[in-house]
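Given the coordinates of chain A, work out where chain B should sit on it, guided by the hints.
So the sequence lines, in the order shown, correspond to chains A and B. Residue 19 is where the first sequence starts when you use my numbering, and the numbers rise one by one after that. Residue 4 is where the second sequence starts when you use my numbering, and the numbers rise one by one after that.
Honestly, the hints are just simulated from the structure, not real lab data. Warning: the hint list may mix true and false statements.
To be verified - Selected chain B positions facing chain A (Cβ under 7 Å, derived; list incomplete):
#, residue
1, L59
2, P79
3, F88
4, Y105
5, G106
Unchecked claim - Below, in silico cross-link-like pairs of lysine-lysine (DSS-like), each with a Cα-Cα straight-line distance of 27 Å or less:
#, chain 1, residue 1, chain 2, residue 2
6, B, K137, A, K211
7, A, K211, B, K108
8, B, K123, B, K108
9, B, K272, B, K299
10, B, K272, B, K256
11, B, K218, B, K20
12, B, K111, B, K137
13, B, K174, B, K185
14, B, K110, A, K211
15, B, K137, B, K185
16, A, K211, B, K111
Said to hold, decoys possible - Quick list of the computed label-pair ranges, beta carbon to beta carbon:
#, chain 1, residue 1, chain 2, residue 2, range
17, A, L189, B, W328, 48 to 56 Å
18, A, F129, B, G64, 24 to 32 Å
19, A, S219, B, E22, 37 to 45 Å
20, B, A114, A, K22, 57 to 65 Å
Remember, predicted model here, so these are calculated numbers, not experimental data. Where a beta carbon is used, it is the ideal one built from N, C-alpha and C, also for glycine.
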Amino acid sequence: MVEKRPGLTFLSHLILLIGVAIVAFPLYITFVGSTQTSEQIAQSFPMSMLPGTNALETYRTALFGGFTSAGSQIPAAAPMMWVSLVSALIITIGKISISLLSAFAIVYFRFPFRTLVFWMIFVTLMLPVEVRIGPTYEVVANLGMLNSYAGLTVPLIASATATFLFRQFFLTVPDELVEAARMDGAGPMRFFKDILLPLSSTSIAALFVIQFIYGWNQYLWPLLVTTEESMYPVVMGIKRLISGESYTEWNVVMATAILAMLPPAVVVMLMQRWFVKGLVDTEK
Amino acid sequence: MASISLRNVVKRYRTGKTEIQVIHGVSAEIADHEFIVIVGPSGCGKSTLLRMVAGLEDISGGDIAIGSRVVNTLEPAERDIAMVFQNYALYPHMSVFDNMAYGLKIKKVPAAEIAQRVDKAAAILELGQLLQRKPRELSGGQRQRVAMGRAIVRQPQVFLFDEPLSNLDAKLRAQTRLEIQKLHRELGITSLFVTHDQVEAMTLAQRMMVMNGGKMEQFGTPDEVYSRPATTFVASFMGSPPMNLLNHAPGGKAGSILGIRPEHLDTGKSGWELQVETVELLGAERLVHARLGAEKLIIRTHEDQGAPAVGSTIHALPREERLHWFDAATGQRL
Chain A
19 MVEKRPGLTF LSHLILLIGV AIVAFPLYIT FVGSTQTSEQ IAQSFPMSML PGTNALETYR
79 TALFGGFTSA GSQIPAAAPM MWVSLVSALI ITIGKISISL LSAFAIVYFR FPFRTLVFWM
139 IFVTLMLPVE VRIGPTYEVV ANLGMLNSYA GLTVPLIASA TATFLFRQFF LTVPDELVEA
199 ARMDGAGPMR FFKDILLPLS STSIAALFVI QFIYGWNQYL WPLLVTTEES MYPVVMGIKR
259 LISGESYTEW NVVMATAILA MLPPAVVVML MQRWFVKGLV DTEK
Chain B
4 MASISLRNVV KRYRTGKTEI QVIHGVSAEI ADHEFIVIVG PSGCGKSTLL RMVAGLEDIS
64 GGDIAIGSRV VNTLEPAERD IAMVFQNYAL YPHMSVFDNM AYGLKIKKVP AAEIAQRVDK
124 AAAILELGQL LQRKPRELSG GQRQRVAMGR AIVRQPQVFL FDEPLSNLDA KLRAQTRLEI
184 QKLHRELGIT SLFVTHDQVE AMTLAQRMMV MNGGKMEQFG TPDEVYSRPA TTFVASFMGS
244 PPMNLLNHAP GGKAGSILGI RPEHLDTGKS GWELQVETVE LLGAERLVHA RLGAEKLIIR
304 THEDQGAPAV GSTIHALPRE ERLHWFDAAT GQRL
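Excised from the complex, chain A in its bound form:
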């Protein structure tokens, strides 16, 4: 279909616009809702599609907590965002470091039981957090890691997907680079630091985005492992606002949701620039 037919162009654009609308519309409603007061949301049906005037008040309440006009107490989202940020960063950096080193070992070294180790890592792909959650909780509780950053992050740090991704990438590095480095006198860790890591920067950036969003969105595990409000991540915070025991302040809920979406969006935008640049740059 190389010829340009205006009818088909219009149709394809129309379909794309519909797709964008389906994705963007809920976000838009959330944003609009966060700018109104809870009375406005509760009373008007359907909800007004235009942004309201209550944005500043709503966001302040959502971020720093306080009492609303309807009398319910809103816990502050800011500390929860901090918890989310720290645990997401720990998970991301931990996952990437561990996977880089394991992929390096699997690709570049020969050691006893190498194949067995490789298949064991592969098997863990069939065991997501949810499958092993009971035993993992018991271990974490027995080690006294409940309500701590360690408890939130350590059981989630090992990653078979990241290991495979890096393994695949390392396999594309030509053998001659390894040999040239050997001739230059670079030992394995030197080679890893000076040559493999810079070459992997695109993969690292891509994985950073994926793992950060994974870490940020963790709900089930933090729900189990934390009992103190000070250690709740923000995704749990959103759920708690819709508890139903008292009047649900939908505007605050929506404001918190928007706040929860911001850091991952920022990470994606920043990293995108970096790894597109990396994609353009690297070609041997």
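For chain B alone, coordinates are given in the frame of chain A:
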């Protein structure tokens, strides 16, 4: 002293339960400052031999000594050698300067000396303008020169070249060949150069090692290898078109093979009676493919001599002093 000594070098590979031997006892003595070319067809083991000298492959048997040291158990970086790879093997994320400086940085050479050595090598190879570029911004020939620069700055005892010209186009190949010769004249470092191209071998070598099937068939100067080949393999490998090898030559003993090069057969009124099958016109010369009984021959004639018609009968007289005799069973020179 940067001599190289290969003493009965053997290489075996083990795959599962089977063991195959790919290099069968190669021995050679290479003097300091010599430029040695190892030449042979694909799969003959020349790269494997080079890599054993480099330390990138283990030595299954025999010894390799560089200078007076036996280097069998030494790591490549400890052998005081430098290697130029077929695919250049430049670090893609580093600038040309950093590529050349990397080995020295690891050896903790002071920065000032690194800069001095890199600048000197860049001057020899005319890379001065390119020092801050990355490899992807260079042409193939420039990349190869950077690879050579990286080898030069190490100031090694031995240079190892693994088919460095194979990835270059024909014109660049000729140019880089001359640069390598110039480099050897200026620096005088013992060099081992592996290639499958006999033209490169003939033009670059002070002595050449012809290998076939893991064995060293002949080790001598280009002249010796060309005019007094030690085996039928060497005779037919060197020279283009290859030497004519006849199993049943007129006047030959049973069990021996006669070799005569295409340019050493003179067409005229007397000599062997040949049926012309094809004539190839190459401008300055002609290749006449002819038949002597059941065997085929190629004769190289000059453009001034008339071109014989296809199917006609011609006479060609081989020059007596240019006849080579080989044993039919062993292929060795008689």
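Hint check results:
1. L59: It holds, given that the least Cβ distance between L59 (chain B) and chain A is near 5 Å, below 7 Å.
2. P79: Because about 5 Å separates P79 (chain B) from the closest Cβ in chain A, which is inside the 7 Å limit, the hint holds.
3. F88: Holds: closest Cβ of chain A sits about 5 Å from F88 (chain B), inside 7 Å.
4. Y105: 5 Å, holds
5. G106: 4 Å, holds
6. B:K137 <-> A:K211: Satisfied, since the Cα-Cα distance of roughly 19 Å is no more than 27 Å.
7. A:K211 <-> B:K108: 14 Å, holds
8. B:K123 <-> B:K108: Holds: K123 (chain B) and K108 (chain B) sit about 17 Å apart, inside 27 Å.
9. B:K272 <-> B:K299: Answer holds: K272 (chain B) to K299 (chain B) is near 20 Å, not above 27 Å.
10. B:K272 <-> B:K256: 25 Å, holds
11. B:K218 <-> B:K20: 24 Å, holds
12. B:K111 <-> B:K137: 23 Å, holds
13. B:K174 <-> B:K185: Since the Cα atoms of K174 (chain B) and K185 (chain B) sit roughly 17 Å apart, the hinted pair holds (cutoff 27 Å).
14. B:K110 <-> A:K211: Holds. K110 (chain B) to K211 (chain A) sits at ~16 Å (cutoff 27 Å).
15. B:K137 <-> B:K185: 26 Å, holds
16. A:K211 <-> B:K111: 17 Å, holds
17. A:L189 <-> B:W328: 48 to 56 Å: 53 Å, holds
18. A:F129 <-> B:G64: 24 to 32 Å: 26 Å, holds
19. A:S219 <-> B:E22: 37 to 45 Å: Holds: the Cβ-Cβ distance is about 43 Å, inside 37 to 45 Å.
20. B:A114 <-> A:K22: 57 to 65 Å: Because 60 Å falls inside the window, the suggested range holds.
Violation of the numbered hints given earlier is absent; every hint is satisfied by the structure.
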